[in-house]
Each structure stands twice: as structure tokens, then as C-alpha cells.
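Trainee: Residue numbers (numbering that gives the first Met the number 0), protein chains in the order written: chain S, 0 to 511; chain Y, 0 to 511.
Don't read these hints as lab results, they were simulated from the structure. Hints may contain errors.
Estimated spans, in silico, between C-beta atoms of each pair [to be verified]: (1) A397(Y) to P280(S): 28 to 38 angstroms; (2) A267(Y) to R145(S): 40 to 50 angstroms; (3) P280(S) to E321(Y): 20 to 30 angstroms; (4) A116(S) to P375(Y): 18 to 28 angstroms; (5) E321(Y) to R492(S): 53 to 63 angstroms; (6) A397(Y) to R145(S): 16 to 26 angstroms; (7) G344(S) to A137(Y): 30 to 40 angstroms; (8) R269(Y) to E323(S): 55 to 65 angstroms; (9) A137(S) to E321(Y): 24 to 34 angstroms.
For every residue, glycine included, the Cβ atom is placed at its ideal position computed from N, Cα and C.
There are 2 protein chains.
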Amino acid sequence: MSIVTSKGPTVVDALLRANALQPLAPAFRDAGRTTTYAELFEDVRRAARLLEERGAVCGERVALAAENGYQYLVWTFAAAWCGAVLVPLNWRLAAPEIGGLFDLVSPRLAVVQWEFAALVEAASARARQRIACVVDHARAALPSERRAAVHEDDTAHLYCTSGTTGEPKGVELTHRNVFQHALCAAVELGLGDRDVWGHVAPMFHLADAWATVAITLVGGVHVALPRFEARAALDLFERERVTVSNLVPTMLALMVAEPDARTRDLSAFRLVLSGGASIAPSTVRAVEETFRCEYVQTYGMTETSPYLTLSRLGPTERALPEEERFRLRARTGRPFLGVELEVRGPDGRPVPRDDRSVGEIVVRAATVMRGYWQRPDLTAAVVQDGWLATGDLARIDARGFVEIVDRKKDMIVTGGENVYTTEVEHALAAHPDVLEVAVFGLPHAVWGETVCAAVVPRAGRVLDTQALAAHCRERLAGYKCPREFRVLAALPRTGTGKIAKRLLRDPGAAVE
Amino acid sequence: MSIVTSKGPTVVDALLRANALQPLAPAFRDAGRTTTYAELFEDVRRAARLLEERGAVCGERVALAAENGYQYLVWTFAAAWCGAVLVPLNWRLAAPEIGGLFDLVSPRLAVVQWEFAALVEAASARARQRIACVVDHARAALPSERRAAVHEDDTAHLYCTSGTTGEPKGVELTHRNVFQHALCAAVELGLGDRDVWGHVAPMFHLADAWATVAITLVGGVHVALPRFEARAALDLFERERVTVSNLVPTMLALMVAEPDARTRDLSAFRLVLSGGASIAPSTVRAVEETFRCEYVQTYGMTETSPYLTLSRLGPTERALPEEERFRLRARTGRPFLGVELEVRGPDGRPVPRDDRSVGEIVVRAATVMRGYWQRPDLTAAVVQDGWLATGDLARIDARGFVEIVDRKKDMIVTGGENVYTTEVEHALAAHPDVLEVAVFGLPHAVWGETVCAAVVPRAGRVLDTQALAAHCRERLAGYKCPREFRVLAALPRTGTGKIAKRLLRDPGAAVE
């Protein structure tokens with residue numbers, strides 16, 4: 000063959016580059032202690048040697064259970080060096096759930112932070128075969144000398160999604176998926192070697208984990224908070240002069256509500272990213288006033304490495320009046336670099352950009368996963384002709400800003416009318432006595448489904464469901480108003496913190 | 000198959016993105032007239048319709064002969080829209096040379112700026128088959144509605160290298176090659192929608208042409224100078240508030256020498272890129288003093304889309320004393336993002352980083368060409384196991400900064416000693432009476448080769464070759480000193496402006 004096959008970069012190339020270009024620059028900082036890229040590279044190769052000695056070579060799975068921190072960087076790149084497939088574990092899951100993931104992906108070994116040793120041992124005991132554990136500070140005496148021959152289309156990361164439906168699935172992301180996302184994110188967000196990334200959302204989740212590779216690629220500095228706590232996060236941001244981080248809206252709301260939030264010196268911050276849930280324009284305003292920098296809403300999924308849209312403003316939008324800018328920044332956003340995105344109506348054709356017609360978001364990109372681990376049937380169900388169906392329903396405006404209105408499976412059909420639960424939730428969330436709300440459908444003999452709302456009152460308030468019903472009737476068409484209200488002390492959530500609507504519909508269902 | 004095949008972006012996706020995100024933002028500016036991205040997109044689709052009507056569909060070659068300007072953008076993206084392969088023509092070549100390129104790649108048609116109609120007609124008349132011509136401002140009435148189904152591994156651009164050796168070759172760059180380079184360059188150089196790129200070096204050459212895609216990708220503004228002239232370039236930079244451009248050192252030297260260069264308002268400039276020849280630290284200083292911004296030396300080749308190294312400084316180098324910074328910025332540089340680079344000695348192993356040992360630069364990257372057009376033999380001669388041998392000899396220092404010392408084929412072996420012509424040229428260029436110099440080897444019965452220098456005197460000076468010989472003896476080891484001097488009025492150059500050493504060695508040789 001005379002035609003050259005492209006040899007694209009792999010995950011470990013991000014670290015090799017930082018080590019080659021700036022070995023003495025800080026890779027990780029923690030309360031006065033700085034680790035350089037040369038030191039990180041050395042630690043990675045010692046960890047890799049240990050993995051090699053335990054047989055975690057090309058294609059073998061290595062599970063990782065660790066809080067946010069330096070160790071997470073080390074093992075991410077150590078696995079990549081060996082050509083092993085990293086399986087990040089959500090340590091909030093229970094032992095039987097983790098045991099189920101072990102059965103799914105059969106890791107060669109698990110690297111475990113001391114605090115999670117008992118959890119992982121218990122999980123291993125419940126799995127079909129026991130998993131060898133390595134405590135995360137273990138290192139070989141000699142660094143590995145030779146990186147594995149890894150191709151860009153080999154699997155780098157295997158994320159086990161809990162999601163909110165059915166059995167667990169393993170999302171296979173290739174080295175190219177991960178590297179392409181890092182490149183595109185660096186361009187979109189203008190990441191560079193002056194950036195300091197705050198790992199505050201869990202690193203076992205892609206919303207933060209993508210930055211492990213991207214920030215290394217550009218030679219920026221990593222800082223981390225082991226577990227989220229609002230005050231500690233603000234301390235970290237202030238002390239380490241963090242410039243960019245991706246948080247979930249709940250974290251932002253808690254930080255903004257801290258009494259001294261606005262007197263903190265967050266002047267280094269240039270970009271607050273957030274996603275995983277919709278956000279109100281008023282919250283965007285509060286965030287920008289606290290952080291005094293740009294807010295960007297993100298939308299993505301594990302299957303797409305993860306970003307699919309960002310609410311970044313272009314030159315035209317930056318010139319709009321302030322209120323309009325806050326409104327646009329609160330929207331789901333426009334396609335992430337390298338992502339082809341369509342909002343397809345029931346006829347399979349793109350819906351008009353009238354911000355009213357609703358369709359499903361489908362995407363195509365080099366960041367779309369290789370597939371679900373050993374489940375070609377599941378892969379084929381969501382990816383056709385290279386287009387991945389997200390299962391998210393959205394409308395799109397004339398500027399191309401998408402706004403998600405519901406998960407396809409959460410949408411309620413009542414008397415032939417579509418009700419998007421997000422719209423009803425937003426109306427209820429505006430009530431001063433409501434802390435949290437989740438709207439879902441219940442089967443109904445006449446209407447097919449009927450609208451039901453689970454509401455959590457604010458501390459010290461009592462919810463009057465008649466008043467809530469009246470509140471809804473003022474704001475929503477009659478068929479959208481809940482026929483039933485359930486007042487709860489808290490909403491049921493999945494292991495990754497998403498509201499488990501499935502459990503609301505069917506309290507007996509298993510939620511992983 | 001359940002595994003998803005990556006569908007990466009193609010050239011036209013850069014334009015689709017700019018049109019989707021910022022249709023009303025300027026794509027091109029020229030003396031007060033602004034063309035928006037929406038208008039460019041419309042023009043591209045009209046041009047594409049015309050190409051389609053002439054049968055220039057998937058895989059067909061479309062030659063383009065045009066000066067720098069808006070038309071160049073239009074036809075670049077129009078060809079990509081149709082899936083046609085763009086063949087940029089160097090209009091400095093003579094008709095028989097262009098005829099030879101037509102025979103090589105047999106284009107379906109040629110898009111020609113009016114000024115080059117006679118040249119291309121004459122070339123076509125000499126080619127084996129006549130090429131249909133389209134004058135570049137022609138447009139169809141209706142825009143093309145449907146872009147061709149193009150895969151990222153399809154060929155996007157076919158550059159016919161004249162080089163300085165032998166027969167012409169067609170370098171096939173795929174959509175992925177081009178898009179990957181655009182992404183990596185955007186990250187390396189921090190390109191964004193506030194950038195204004197000055198197309199001043201010829202757009203038919205990749206040193207500038209890569210920015211056609213990259214600047215569109217980030218939604219920046221293109222401005223162009225039809226043909227280089229120092230004063231006009233400074234006018235353009237000042238009037239359009241250009242922020243970044245890639246120039247050749249000769250252009251920079253001419254601009255810096257303009258009497259009013261230092262009083263121009265070039266304050267918008269943030270990055271001056273240059274390559275194609277080595278540059279003296281003193282010139283780097285003069286450039287930075289005139290442009291008052293960062294200078295970055297670039298090294299690349301058409302076969303690699305093109306960048307292979309940049310002399311960008313990392314955080315550690317930015318803290319060095321000024322003189323050291325200028326010295327590093329004048330070096331060839333460190334690997335471009337996504338490029339694996341080794342300097343391999345005669346034994347095939349990387350040379351030590353002692354800045355003395357010399358080896359050949361070999362590279363591997365997703366930006367390495369698909370191959371030479373219909374010449375698997377030539378492709379196999381330079382690419383092995385995905386590694387491309389550049390034919391450039393270099394040394395590498397402890398910081399990883401490469402410095403090219405010679406083309407492999409220009410290196411002189413005299414009496415068993417290697418003489419790198421660049422070193423001898425640098426010594427001679429330091430003489431106050433020397434304007435230009437080229438050093439080359441001539442066959443010698445005893446020594447194998449002997450060192451010879453062709454020198455051009457500065458205006459009004461007379462060169463004393465005995466004084467030159469003494470000048471060399473003060474600066475160079477005896478075996479490196481030229482045994483023969485030839486005083487010329489000008490150095491012979493190839494079509495792309497490189498010095499034709501082949502013609503110096505053998506005045507009867509053909510130079511394309």
C-alpha cells in the first residue's frame with residue numbers, strides 16, 4: 000500500500016507534549032505544593048510499570064476509584080501509557096452496583112484510593128470473579144521505559160453509565176474521541192498554558208474528566224477539590240487563582256449563596272462552564288456577578304466525549320443588550336466545534352428554526368463513541384449511518400441556539416397533546432415555596448397519561464397544593480397543569496445525582 | 000457492524016460553522032467593503048453550482064490560478080462543497096511548467112483569474128489534453144443546495160510541489176489532514192473570532208493557505224494583498240488592524256527596512272509567523288521592535304499540511320533574559336501540536352540533545368499526507384511505518400528546540416568531513432558587503448566534494464573574494480571554508496522563491 004494511514008495522537012501524547020515543552024512548569028498544585036510536568040511524567044511511568052507488572056497491558060481494563068486529585072491524573076495517563084482501558088468508577092454507587100459493573104467489563108485490576116478499599120472489596124466479593132486491588136499511592140521502583148503501541152482508534156476510556164434507565168452500559172471512547180474533544184474544547188474555550196483548571200465536579204464523570212487531557216495538552220495547571228463543598232470550592236478558586244472550571248448548576252447555586260461569595264477575589268476566573276441541567280437566566284446573572292466573568296452553558300453526554308453544545312456568544316451576540324445575553328447564555332447552546340447537529344421532527348427532517356417546533360437532537364462527530372461495550376445491539380439502536388440519536392427533545396431558534404425541552408422518554412402524552420416536563424417544572428420552580436420539583440407522567444385509562452408533579456418545599460414552608468395548582472393555571476395551558484401533586488422531603492436521585500424520574504413513576508423500580 | 004466509524008469534519012465544515020454561528024460577522028474585508036460569512040457561504044454555493052454543472056464532482060481535480068483575495072476563499076470552499084480536489088497553481092511558473100502539472104493531475108477544469116487566462120491557455124495548449132477554463136468571477140444563478148457526501152479521508156487538496164529536485168509531484172492532503180492542522184494551529188496560536196489574518200504570502204502555498212480553513216473555522220476575518228509589496232503590506236496591516244500573518248523572512252526584512260516602518264500603527268498585531276528559511280536573532284529583534292509583538296519561527300513542508308515545528312516559548316522560556324528569548328525564537332522550533340518528531344542519526348536512533356549531533360528529522364502525525372498522487376513508489380520512499388523522512392538535517396538542544404542545519408541533499412562531504420551549508424552561509428551573510436549567499440558542493444577528484452559559495456554583493460559594493468576568504472577563515476574551521484567564490488548579480492530561484500542550489504551545481508539542469 001502506498002497510501003499513508005493517518006496516525007493521530009493518543010491520550011498519552013498530551014502528557015508527552017507538556018513534558019517535552021515545559022517539564023519544569025506546574026502540572027498540579029495543592030496548598031503550596033507544586034508538582035511539575037516532569038514529576039508527573041515520572042510518577043505516571045512508575046504507576047505504569049506497576050500496571051504492566053500486574054498484567055494490565057493493551058486492551059485490559061483497569062478500574063479506578065479515586066476522589067479528585069493528583070492520583071486521578073497519574074492513573075489516567077498511566078493506563079494510557081500501557082494501552083490499558085481506564086474504567087472510572089463512581090464511588091457513590093453501592094457495592095452491589097459496582098459489582099455489576101465489574102461483571103459487565105471484567106477489569107484486570109482496580110486501582111483504589113484507601114477510603115474506597117472496603118467498598119471495592121465488597122463489590123469484588125459480589126462479582127463473578129474477584130478483582131485484584133492496588134492502593135492508589137503504590138508505585139514501582141523503576142519507571143516504565145516503553146509506552147505501548149496504541150492506535151488512535153483503540154479504546155482509551157470505558158465509562159459505565161448508570162443513566163436513569165435499565166441495565167448498566169459501558170461507553171467505549173477511543174483515543175481519537177478523547178483527543179479530538181480536547182483539541183476542539185481548547186479551540187472553543189481558548190485554553191492555554193496560563194489556564195488553571197479547578198477539578199471540582201467529580202473526575203469520574205466526563206463533565207470534568209475531559210479537562211484532564213485537554214488542560215495537560217495545553218500545558219495548563221490542574222488543581223482539585225477531593226469532594227465538593229461550596230466554601231471549600233470558593234477557597235480553592237481564590238487560593239489557586241483558578242481561571243476555568245466546569246460545575247453543575249447545583250454547585251453554582253450553593254456557591255453563589257455563600258454569604259461572602261461576592262467579596263472573594265475570583266478575579267483570575269475567565270470562564271465558568273456548567274451543564275447537566277438547565278439553568279435560569281437569573282442564575283446566570285448571579286453567577287456572572289459573583290465570578291465576574293463569562294458563563295457558558297454546556298450540554299453533552301458520555302457517548303459524545305461529552306460536549307455537544309455550548310452557549311458561547313459570537314461577535315454578533317456579544318453586542319446584544321445585557322438581558323438578551325443572559326437569556327442566550329442560559330440556553331442549551333449551539334453545536335460544539337466538530338459536531339454536526341440536527342433537531343429532527345417526527346418525520347425525520349430538521350424542524351424549522353422557530354423556537355417552537357420540537358424534535359430530537361441527533362449528532363455526528365469524530366467524538367461519537369466507538370460503541371457500547373460488547374453490545375452491538377444497543378449501539379445499533381442509537382447510532383445509524385454515523386448519526387447518534389441523543390434521546391433529547393429540543394427546539395431551535397433563528398440564531399441556531401438549541402433549547403432542550405425534555406428527555407424523549409420523559410415527555411408526557413395526555414389526550415393526544417405533548418407535555419414537556421421541563422416547561423411545567425420551570426413554572427413550578429418559580430413558586431416561592433418550592434425548593435425542587437420533578438414532573439412525570441402516570442398511566443391513565445382515558446388520557447393515556449396524566450401529568451403529575453413531585454415537589455419539595457423550601458425549609459420552613461408548607462406547600463398548599465391547591466395554591467400550586469392555581470399557580471400553574473396562571474402560567475400554563477390547562478392540559479399541561481399537573482392533575483396530581485406529591486409533596487416529598489427529597490427527590491430520588493441516581494448515583495450521578497440526576498433526578499430518577501423512573502423511580503417516581505414506579506417506586507419499586509431499580510435505579511442504578 | 001456495531002462499532003461506529005468516526006466521521007470527522009471536512010474542509011467545508013469550517014465554513015458551515017462560521018455561517019451557522021456568526022452569519023453577519025465579517026468573513027473578508029477589503030478597503031472598506033465587508034463580506035459577511037452568510038454572503039461568503041452564498042457565493043461559495045453559487046460557485047459550487049457552476050463547478051457541478053461543469054462536472055467537477057467528487058474526486059475530480061479543479062485547478063485554481065488566482066492572486067490572494069476573496070476569490071481564493073470562494074473557490075477553496077466551493078471545491079470542498081462539491082467534493083472536488085483543489086489544485087492550487089503557482090502562477091509564477093511558466094506555461095510549459097503548468098502544462099506539465101496539468102499532465103500530472105489531469106484537472107477537469109481550471110478556475111482562472113482574468114490576468115492569468117493567457118498563461119493557463121498556453122499551458123493547456125501544451126498539455127496532453129486541453130483544460131476547460133472558468134474565469135474566477137463566474138457564478139451560477141442558483142446556489143448549490145446539497146453538499147457532496149465527502150469522507151474525512153478523501154483528498155481535499157493536491158499541491159504540486161516544484162521543490163528543487165527532479166520531476167513535479169502532487170501532494171495529496173485529505174480533509175482530515177487539513178482540518179486537523181487547522182485545529183492544532185488554532186490551539187497553538189490561540190486563534191479566535193477576534194483575529195484578523197493578513198493573507199500576504201501567496202495563498203497557492205500552504206504557508207498561508209492553511210489559514211484559509213483555520214481562520215474560517217474560528218470565525219476570524221480574512222484580509223488579503225493580491226501580490227506582495229512591502230509598503231502595501233504595511234498599509235494593509237495598519238488599515239485592517241491585522242492581528243496575525245505568516246510571512247517569509249525576505250518579506251519581513253523588506254518591511255522592517257521601510258523608512259516609516261516603526262511609526263506605523265501595528266498595535267493590533269499579536270503574532271508574526273515566518274518560515275521557509277532560517278532567520279537571524281537580530282532580525283527577530285528588529286521584527287519584534289517594529290511589530291511590537293511575538294515572533295514565531297515556523298518549519299514545515301507541503302507533505303505535512305504544513306507545520307512541523309514552531310519556535311513558541313513555554314512558560315519557562317518566557318521568563319528567560321531577552322537575548323536568550325530572541326535566540327530561541329530564531330530557532331527552527333519544537334514539535335507542532337499532534338506531531339511526533341525525532342532527529343535520527345545515521346544509525347536510525349535519536350541523536351543526543353546536545354545541540355551538536357546532527358540527524359534527519361522524521362515525523363509522524365495525522366497531518367502527514369495521504370501520499371504522492373499516483374506515485375506509490377515515491378510515497379514509499381519517504382514514508383515508512385507512518386514515519387515521514389523530511390530530508391532535513393538538524394540538531395536538537397536540551398529544551399527540545401530543533402535547529403535545521405541543512406537539506407540532506409545539500410550537505411557537502413569533503414575529505415570525509417560533513418559541511419552543513421547553512422553554517423557557512425550564516426558566516427558569509429555576516430559580511431557587510433554580502434547581500435545574499437548560497438553555499439554548495441562541487442565534485443572533486445581528491446576530496447569527493449569541495450565547498451563553493453555563490454555571493455551577491457549589496458548595491459554599490461564590490462566583493463573582494465580574498466577578503467571573503469579571510470572573513471571565513473576567522474569564523475570557520477578550515478575544511479568548511481569555500482575553496483571557490485562566484486560573484487553573481489542574483490541567485491537562481493525556483494518557482495516558489497527558494498534558492499535553486501541544483502542550478503548552481505549544474506547550470507544546465509532544469510528547475511521547475
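Trainee: Each hint should be assessed against the structure and marked as holding or not.
Mentor: Structure-based check of all given hints:
1. A397(Y) to P280(S): 28 to 38 angstroms: Because 53 angstroms falls outside the window, the suggested range is violated.
2. A267(Y) to R145(S): 40 to 50 angstroms: holds (48 angstroms)
3. P280(S) to E321(Y): 20 to 30 angstroms: Given a distance of about 48 angstroms, which is not inside 20 to 30 angstroms, the answer is violated.
4. A116(S) to P375(Y): 18 to 28 angstroms: violated (57 angstroms)
5. E321(Y) to R492(S): 53 to 63 angstroms: holds (57 angstroms)
6. A397(Y) to R145(S): 16 to 26 angstroms: This hint holds: roughly 22 angstroms between Cβ atoms.
7. G344(S) to A137(Y): 30 to 40 angstroms: holds (38 angstroms)
8. R269(Y) to E323(S): 55 to 65 angstroms: violated (30 angstroms)
9. A137(S) to E321(Y): 24 to 34 angstroms: violated (46 angstroms)
Of the numbered hints given earlier, the model fails hints 1, 3, 4, 8 and 9; all others are met.
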